[in-house]
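S.K.: Sequence:
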Amino acid sequence: MNEEEIKIVAENAMMIVCGYAFSKTEEDLIRVVYLHPPYHALVMTSEGEVTETNMDDIEINIVQKYWKRNKKLMEQAYD
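The sequence shown stops at residue 103 when you use our numbering, and every number in between is there.
Hints are computed from structural coordinates only; laboratory data are not their basis.
Backbone N, C-alpha and C fix where the C-beta goes; we use that ideal spot for every residue, glycine too.
Keep in mind that a hint or two might mislead.
[What the hints assert, rightly or not] No more than 35 Å apart at the CA atoms, straight line, and that leaves these computed lysine-lysine pairs for DSBU-like:
id, residue 1, residue 2
1, K31, K48
2, K48, K89
3, K89, K31
4, K96, K31
5, K92, K48
6, K48, K96
7, K31, K92
8, K48, K95
9, K95, K31
[As the list claims (entries may be wrong)] Pairwise CB distance ranges, derived in the manner of DEER restraints:
id, residue 1, residue 2, range
10, C42, V67, 16 to 22 Å
11, E35, P61, 18 to 24 Å
12, E71, E28, 31 to 37 Å
13, I32, N78, 16 to 22 Å
14, T75, I40, 17 to 23 Å
15, E28, Q100, 27 to 33 Å
16, G72, N26, 28 to 34 Å
17, E28, E73, 27 to 33 Å
18, Q100, M25, 25 to 31 Å
19, E27, V67, 22 to 28 Å
20, K31, N85, 25 to 31 Å
21, L53, Q100, 14 to 20 Å
Can you make the complete structure from the sequences, with help from the hints?
M.R.: Here you go:
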């Protein structure tokens, strides 16, 4: 990802936690992009079920924990 793409992802994020940008897709899925190299990404349901990713299991677990801790705030702010 180049600097402009990173900026767009960050600006469109509903929340950013520890470098992970969380945004909602048109299908109401949650897209998570790590804003630093190697720019891993993940798509999951609002319940935290992963549908696609290029992250390893440890990173997936970290992202799911961030989501579970912060999803109420994100849902309140953007619903």
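S.K.: All hints are to be evaluated individually against the structure, with a verdict given for each.
M.R.: Each hint, compared with the structure:
Our distance criterion of 35 Å between C-alpha atoms is met by K31 and K48, whose separation comes to about 17 Å. Between the alpha carbons of K48 and K89 the distance comes to roughly 17 Å, so the proposed pair stays at or under 35 Å and holds. Annotation: proposed proximity of K89 to K31 holds, straight-line Cα distance about 24 Å (limit 35 Å). Of the supplied pair hints, the one linking K96 and K31 holds, its CA atoms being roughly 25 Å apart against a limit of 35 Å.
For the given pair, K92 sits about 15 Å from K48 by alpha-carbon distance, which is consistent with the 35 Å threshold. For the given pair, K48 sits about 14 Å from K96 by alpha-carbon distance, which is consistent with the 35 Å threshold. In summary, the hint linking K31 to K92 is supported, as the alpha carbons are separated by about 25 Å, within the 35 Å threshold. Restraint check for K48 and K95: satisfied, since their Cα atoms lie roughly 11 Å apart, inside the 35 Å limit.
About 22 Å separates the Cα atoms of K95 and K31, which keeps this hinted pair within 35 Å; it holds. Look at C42 against V67: about 19 Å separates their beta carbons, and that is inside 16 to 22 Å. For the hinted restraint 18 to 24 Å between E35 and P61, the CB-CB distance of approximately 19 Å keeps it satisfied. At about 33 Å, the beta-carbon gap between E71 and E28 stays in the expected band of 31 to 37 Å.
The given range of 16 to 22 Å is respected by I32 and N78, whose C-beta atoms sit roughly 19 Å from each other. With their beta carbons about 21 Å apart, T75 and I40 fall inside the hinted range of 17 to 23 Å. Taking the beta carbon of each, E28 and Q100 are about 30 Å apart, inside 27 to 33 Å as hinted. Taking 28 to 34 Å as the suggested C-beta distance range, the pair G72 and N26 conforms, at roughly 30 Å.
At about 32 Å, the beta-carbon gap between E28 and E73 stays in the expected band of 27 to 33 Å. Taking the beta carbon of each, Q100 and M25 are about 29 Å apart, inside 25 to 31 Å as hinted. About 23 Å separates the C-beta atoms of E27 and V67, a value consistent with the hinted range of 22 to 28 Å. The beta-carbon spacing between K31 and N85, approximately 28 Å, falls within the hinted interval of 25 to 31 Å.
Hint check: L53 to Q100, Cβ distance near 19 Å, so the stated range 14 to 20 Å holds.
Of the numbered hints given earlier, the model fails none.
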